[in-house]
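S.K.: Dock chain B against chain A, hints included.
Residues per chain are reported as follows:
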Amino acid sequence: MAAAAPADLAEFHAELRAVARALLSASPPSWDRITEVGWTGLEVEEALGGADATFAETAVVLQEMGRAAASVPYLAVAGLGVGALALLEPGPDRDDLLRATATGDALTVVALDAETTDGTPFRLDAEFRLHGTAAFVLDASRADRLLVPALDPTATPVIATVAAAPARSRPPAPDQGESPAADADTRPDSSRPLASTRSGSREAPDGASGWIGPRVPMSARNGSREAVEGAPETDTPRVSARGGSWEADCRCLSASAQGGSSVVAEVDSRAGSVAIADRAVLDATRTFGSVVADGVAVPADAVWRFRSDPGVALRRLHDRAAVAVACDSLGLSEAMLDATVAYAGTREQFGRRIGSFQAVKHACADMLVQARVARELVAAAAQAVAVGDPDAGTAAAMAKSFACAAAVEVAGKAMQLHGGMGYTWESGVHLHLKRASLNRSLFGAPARHRARIAARYRDGAP
Amino acid sequence: MVVMDLSLGPDAARLRGELRRLVAEHVPAGFLGAFTDDPADLETAQKFCRLLAERGLLCPAWPREYGGWDASVWEQTVVREEMWAAHEPRGAQYMGVNWVGPTIMRHGTAAQRARHLPPIAHGEVVWCQGFSEPDAGSDLAALRTAARPDGDGWRITGQKVWTSYAVMAQWCFLLARTSRGGRRQDGLTVLLVPMDAPGVEVRPIRSLLGPHHLNEVFLDDVRVGADAVLGEAGGGWGVVQEVLSFERVGIARYARCERLLQAAPPVLGGAWDDLPADLRGRWARMLAHCRRARLLAYRVIALQAEGRVRPQDAAAYRIAVTRLDQESAEVLMEIAALDPGGGEESRLFRRRVEEHWRYSHASTVASGSTDVQRILLARALLAAR
Chain A
1 MAAAAPADLA EFHAELRAVA RALLSASPPS WDRITEVGWT GLEVEEALGG ADATFAETAV
61 VLQEMGRAAA SVPYLAVAGL GVGALALLEP GPDRDDLLRA TATGDALTVV ALDAETTDGT
121 PFRLDAEFRL HGTAAFVLDA SRADRLLVPA LDPTATPVIA TVAAAPARSR PPAPDQGESP
181 AADADTRPDS SRPLASTRSG SREAPDGASG WIGPRVPMSA RNGSREAVEG APETDTPRVS
241 ARGGSWEADC RCLSASAQGG SSVVAEVDSR AGSVAIADRA VLDATRTFGS VVADGVAVPA
301 DAVWRFRSDP GVALRRLHDR AAVAVACDSL GLSEAMLDAT VAYAGTREQF GRRIGSFQAV
361 KHACADMLVQ ARVARELVAA AAQAVAVGDP DAGTAAAMAK SFACAAAVEV AGKAMQLHGG
421 MGYTWESGVH LHLKRASLNR SLFGAPARHR ARIAARYRDG AP
Chain B
1 MVVMDLSLGP DAARLRGELR RLVAEHVPAG FLGAFTDDPA DLETAQKFCR LLAERGLLCP
61 AWPREYGGWD ASVWEQTVVR EEMWAAHEPR GAQYMGVNWV GPTIMRHGTA AQRARHLPPI
121 AHGEVVWCQG FSEPDAGSDL AALRTAARPD GDGWRITGQK VWTSYAVMAQ WCFLLARTSR
181 GGRRQDGLTV LLVPMDAPGV EVRPIRSLLG PHHLNEVFLD DVRVGADAVL GEAGGGWGVV
241 QEVLSFERVG IARYARCERL LQAAPPVLGG AWDDLPADLR GRWARMLAHC RRARLLAYRV
301 IALQAEGRVR PQDAAAYRIA VTRLDQESAE VLMEIAALDP GGGEESRLFR RRVEEHWRYS
361 HASTVASGST DVQRILLARA LLAAR
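Chains as they are written, first to last, in our numbering: chain A, 1 to 462; chain B, 1 to 385.
Among these hints, one or two may not hold up.
Stated by the list, open to error - Stretch by stretch, here's where chain B covers chain A in the computed footprint (C-beta under 8 Å, at least three residues):
1. 35-44
2. 407-416
3. 441-449
Hints in this document: simulated from the structure, not taken from any laboratory. Using N, Cα and C, we set each Cβ at its ideal position, and we do this for glycine too.
Extracted from the complex, chain A is given alone in its bound form (with noise of 0.2 Å):
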């Protein structure tokens, strides 16, 4: 991040990179103490409970969040919600959210559908009703709020906000429970013997459902979510659990291989309702919901505008969502990195450490290669964006199509370099891996990116 900033900001941000590196190494990382310690609002003005960052301070939490491979909702939260939000017209209801997000009293989701790179799907009628279907939306199944960019009767895209009230408890992310994934082995340790972690704890950590409450008013809200009124069913049936671990199907590397999928929430209305259903992916850290709308009523005063012009503030979103993605991809490589040249300096083969063979050099130089390009360009891409650069959308395609395709490369190269080891479900490579291959289809492939940069360079300069 560092290239183009001031020093005082490159110390700042090695100094973020630590605290979150620290506060992320608890297994497993715990929401209630990301959002206690101001991260969901880096960008958010003072005024409202924010630190008044940017969102080069933002992209630094989000490669710890891969480097981690944290199943927590930063991404949809601090990297979407609140960058939508940032673009609204300010007003008591959009501050107040903005207040509430920021602080991690409101879980605030867009409903950004992560197989597209533009547009919105949702549209509102002439009698604002909404219409519309995405298919893969991050967090949704934990959104207490979705925020739905949609295309108003003249065509000009808004926001239509909608509490999501779910009709049962929110599924645990999909590993917790079914597989020693999700907790404290998870992260890539391949020097410890298979042994001593086979007995390891099986249990959801604990953490999980304390931001998956149900829906309460604001004002109900304090300190931990888990304890308040109105508990969750107990009975949900974990949908994506088995998916989630060895059957995924991968629609966006994902689908319930069930081929089915529960309805998680549903907001009625007279008119119609939006639905949120689960979704299975092959990546066990992350969850997904669809989101349906069905004609349900907006009033006029949830439906929010823009503050500048809607058609470039829609793409300016999408293109936050690339760089997050890519932020997250390039902490994933580094943690594969690291985690390769350690075991390699420790495992011994022929009476050597492997990181003396020279096939094991050249691999793990190739993947320093990797991420060291992706981390340029992706430091590149959060200051464009962070600045609200016109030609961020370059930027942004370089970095994702780059950083998200090395990602899986350098994960690849990591699994090898591991032997068995790499393929164990505890060393944590697979999930690395997996989240990888699945942030690199994440709101665009490479090969989408790359016809973007095609376009632009044909279009001449923004």
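M.R.: Frame of chain A; chain B shown alone:
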């Protein structure tokens, strides 16, 4: 120069047809191998092996005296291809057919052949391979599991790891150290160990391959008789080199890649033409890769049939086919991600692709990592200069 008939002739075509019919009739459409969480899948595989055996299709190329019908290696190749393409409905038993049986035929005593070959040919026994250890992976000769003489037999103590199918196996093809001194490769011996012997303990390892595939095997003072030794005591390294050459061409990985690649256009239907041009280009390149890997496999099988196969021949094929496995898995994942289909056919395709993707990641490590295969090749190449 031999011109290769890729179809392997009319007999092979008939055999292919028969195998496909049997799979269609006896293996459920959603079958993704025997090692899933559903015990019915293992049962399907065990039944299917017996069915193949009854029809002489489990090990057709074996001699009649051991339960085969003296068919050619090409017919055996057809069986391998059709089975792997159908997600291996023989479950773990392919190992018995591919290399355990053939190795016992070559090195076993008459009593060992009589004892071990018929159950393999009848589809009644699962074998596992006890080679790798925690500190002996690529460096297999570093293994420490030791068998010490005990009267006329042996007592074995040690630990094996990454042992596929050990949890369901009745027998283990075990490599252990029986003497020290001299080269590390000397003093190793193959022992045929019953998995129900006292002192054998199996612990599953959860992995990307699923919950019922890899295992650790602990051997604590396991007593076996003199008849457990396969070949010469101290001659295990030579036997294992042969085994690995058989093993490295034993799975027709290209056949599943090809089956899945060919399935993609019909599954996507109209959406096929909407795929990015570069993705369809990569798909076509993968099909050509399948053909190349198949030709390399046929070359190794022909050499093997003549008893002239060298480790570097198997290594070249192994590198090509495992690379194909991973690259085709990536291409297929990208195609599946763009498949808009919500129907049963699409769902099944995505599950098969996802399973292929997971397995492909182990292929460049299992049975000798790609890095080791490269060294084998390079050593042979440079020694010839």
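S.K.: Checking C-beta pairs, does the stretch 441-449 of chain A have three or more residues closer than 8 Å to chain B?
M.R.: Satisfied; 4 residues make the cut.
S.K.: Confirm or reject the coverage of the stretch 35-44 of chain A by chain B under the rule of 3 or more residues with a beta carbon closer than 8 Å to the chain's beta carbons.
M.R.: violated (count 0)
S.K.: Examine the stretch 407-416 of chain A: at least three residues should have C-beta closer than 8 Å to a C-beta of chain B.
M.R.: This one holds; 4 residues, not fewer than the three required, reach chain B with a Cβ under 8 Å.
In summary, the structure is inconsistent with hint 1 from the numbered list given earlier, while agreeing with all the others.
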